[in-house]
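Now for the letters of each chain:
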Amino acid sequence: MRSRRVALGITLLVTALVTVPVAVPAGAPEAHAVSEQQTKILRVGVTQEVDSLNPFISITRTGTDILRTGFDYLTVYNQEDYSPIGSLAESWETSQDKLTWTFKLRDGLKWSDGEPLTAEDPAWTFNKMLDDEVARTANGSYVKQWESVEATDEHTLVIKTKVPQATMLALDIPIVPEHVWSKVADIGAAPQFPMVGSGPYTIQEFKEAQFTKLKANPNFWRGKPKVEELHFIYYRNSDAAVTALQNGEIDLVNRLNPTQFDSLESNPDIARNKAQNRRFNEILINPGAATFDGKPIGDGNPALKDIKLRQAIATAIDSKTLVDKVWGGYAEEAQGYIPPVFGEFAWSPPEDLKREFSLDEANAMLDEAGYRKGPNGVRLDKQGKPLNLRLMTHAEANLDEVAGPFVKGWLAEIGINITLQPLSDNQVNESTTRGEFDLAFSGWNANPDPDYVLSLQTCASRPNAEGKGNTPDSFLCDEEYDELYNQQLQEFDRGKRVDLVKQMQEVLHDRATLVILGYDNALEAYRKDAFEGFPLQPREGGVIMNQQGYWGYYGATPAGEGPVPVFNDDGTASASDAETSEAADEESSNTGVVLAIVGGVILVLLVGGLLFARGRRRTADERE
Amino acid sequence: MSDILTPTEDALAEAPPPTRGGGALRYVLTKIGGGLVSMALVVVLGFLLFRVLPGDVIQTMFRGRPASPELMAEAEERLGLNKPLFEQFLDYLWRLLHGDLGQSYVFNVPVTDKILERLGPTLLLVGVATLIAVALGLWLGTRSAWRRGSRFDRISTGVALALWSTPTFWLGMLLLAATSGLFPTAGIVYSDTAPDFLSQALDVAHHMVLPTITLVAVIYAQYQLVMRSSLLEEMGADYLTTARAKGLRDDLVRRRHAVPNALLPTVTLVFLHLGFVIAGAVSVETVFSWPGLGLLTYDALRVRDLPLLQGTFVVLAGAVILMNVLADVLYRVLDPRVRAS
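Here the protein sequences line up with chains A and B, keeping their order. Counting in UniProt numbering, the first sequence runs from 1 upward without gaps. Counting in UniProt numbering, the second sequence runs from 1 upward without gaps.
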């Protein structure tokens, strides 16, 4: 009898375990919304761990995002369109020979601990980087052509370079306080908290793999932010971060995938932001890889040295289909090498150069170039061998996984046989760096200053014989391109530099060593019951998080304290007219409930089936 | 106990008596020696294993940001990666012998600090979950064996098996979705909880509920099944009949006579699993963003942080080896039969 009762109890318990959660409506009770009344906190969910909060060391997206709010720079990219404007520096001038830069710092700058911020601080920071290789870990590339740095008086900083350097207004180097860092014995060590800074917030506390806390900095030269505390909270997986947003545990999150983004549409408390991103996605076509000094390496199919073949392949790849099917519409169609978000430098092919997707056209191009079709419909190369190419894909990337078969299908239509080669990220990187590929998926995040992504396609960026020592992309080595690259590097007139960069993109487009697939959007969401909105960068269609600046976090506007400010280039702010929040119509999302019901049913079936099977066996046993 | 021997005891009794008095010590030393040999293998493997993985460390480090060949060469030299492999191995060995696991490439802090920082949360989560799972498993296992074939037995064993075969990740996500809003989604403590001990402890407990339930649900079955089967083996034993014949209550027969004898294999199992406990929660830690060692290992692998990988590998494998040796020794202490053989 007793065991009966126990059994009944267990059954009830298990049933309860399975069904009670189902009965609890998803997103109903908000357990965690207590402390909002006391202090205004902006809680940001991030899905990447902070590597280090040492400004000389940190290179991750999250790390630099946090440091941007904690430390100011000489110049920053403006909110409007990423043009460089003064931040700590108020003005600057260059000498006739373009080798000497003189920056004038603002009056009355102060560190968060009240100490004055003078030209000695940037001078110390930069000199440290010149002297100590550990201090060059994160941003060493900016100073590699520098001669000397000196503070000639309290407000004047003089930097001498060895060669003219057009990127001097794009120095992404956090300026650290000399009075704190000169006492640090190991410049690469984890920093002491709270950190003394000059940005809109100061970094107060860091708990590894958990969170980073920042506090508003009353000494920030633009004025104290409206939010009192800024917390970056780490989520290992983005589904959890989305749930946390729905529960009100965090206020802002980014890097959502289209499914997550769509699932938030009906939530009345959540506003979404579909933003232009700074990433471009591409397929590389190996034009015959070689080392930086021109020795062939790798095992690329030699047929791809023919520009006609590469151009035909580029014509047979349809960006529109990829945007619709791979990114669910959350992307922009391919244009030039620099993503359209950087409007100034972005280029799109004029009508006469435009490569409209057309399999007929691609077939005609190949016929004309003399690639005959073999017996099984696969074209033969100039040596009479069938065109069998490998397409290397990142096994864990959604883009590669979904787009791979599309590309294979299109190329089959023009008589090129593709074998998909899914590999781990590290393996793809290693193989492409060694030139061991025919076609490969790739992609980069461009910066407001396009120098880095442009440099990837130069002869000098090719590796040594071991496939090391540099980061190549498509192994293009083109005289015209390199010539333009060197010109833009030394061109100080922004308009002329933009022209040069556009010409470079035209060369890239023509050579077809890479095919741009599209630019996926950055998908973000925030609690609009807690926040009015955030300044976007660029102002139209831009991002809130991972900006090239501090605008989004600095201008965060709690609900009821609107409007969201707009930051002008002269350091002033005005009220925004645009309403970022969007209307929503339906009640809260039901995904959780559905999931739970499905799971519960499966569990019950499983248990039931098992019991049934056991029961049958037992009766059978008894009969014998 | 009776003087009639069961077949096993009969066989054991016939085994030759230990020849020398130092048997116990020798047994322990042999086990420890075996452990040390395994550890040496782990140390070598830990070094080689992660170096055969594809992807150059320096290339990975500098991918996606401006870097000249000089900068890359500088970094290679600083990390000692330009030295011959054998020399790198000697460096690693030398440091290891001094208890230094090296400096993490990515985080730029000593690996030992990193591991120690993550050890606490892992021990807390997996320790509590294992305690609950062992207690629950043993209790359920005993009950279901004692009433073999009853409805209780069928249901509890069925449920245990079903949960055991549930993917941890899926169960975690399901619990998260189903209890939406009742429990925290991630982490070990909220960033804005008051700093005093009580609030912090309560908040940690609140955060622990879902990961603990998930972990317990997935692991308790093994304890239940082992306990059940080893108790079933004892069920027919004559000493139980004797105990009953003495007029003992059923409960007492079970508690005092059957269970202690059936516990042996279970205790060994518990110890063997304790070794894996430290490493074991990678998927739970990933679902609930629990800042533990499993998560650290996973992240280190993705960014090819060699010292961190070696460090976690040596520590995790070391824990398993240590627990194995302890289990062997403990088994001998608990079971006189092993001592005799």
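If you're looking for bench data, these hints aren't it; they were derived computationally from the structure. A hint or two may mislead.
[What the hints assert, rightly or not] Which bits of chain A does chain B cover? Going by a derived footprint, with three or more residues having C-beta under 8 Å, they are: (1) 44–55; (2) 343–356; (3) 461–472; (4) 559–569.
[Unchecked claim] Here are a few chain A residues that sit away from chain B, every Cβ distance over 12 Å (derived from the structure): (5) S141; (6) D186; (7) G188; (8) E229; (9) G248; (10) A290; (11) K382; (12) V402; (13) N447; (14) D451; (15) V453; (16) L456; (17) E506; (18) A573.
[Claimed, not checked] Across the chosen pairs, the derived CB separations fall in these ranges: (19) B/E70 x A/E344: 40 to 46 Å; (20) B/E70 x A/D299: 51 to 57 Å; (21) A/T156 x B/L93: 21 to 27 Å; (22) A/E466 x B/G120: 56 to 62 Å; (23) A/P296 x B/L322: 48 to 54 Å; (24) A/S148 x B/G99: 53 to 59 Å; (25) B/L252 x A/T259: 57 to 63 Å; (26) B/A40 x A/L130: 28 to 34 Å.
Owing to the predicted nature of the structure, the values given are computational and were not obtained by experimental measurement. Yeah, the Cβ is synthetic: ideal placement off N, Cα and C, and Gly gets one too.
Item to complete: Taking the numbered hints from earlier one at a time, note which ones the structure violates and give those numbers from smallest to largest.
Response: 2, 4, 5, 6, 7, 8, 9, 13, 14, 15, 16, 19, 20, 21, 22, 24, 26
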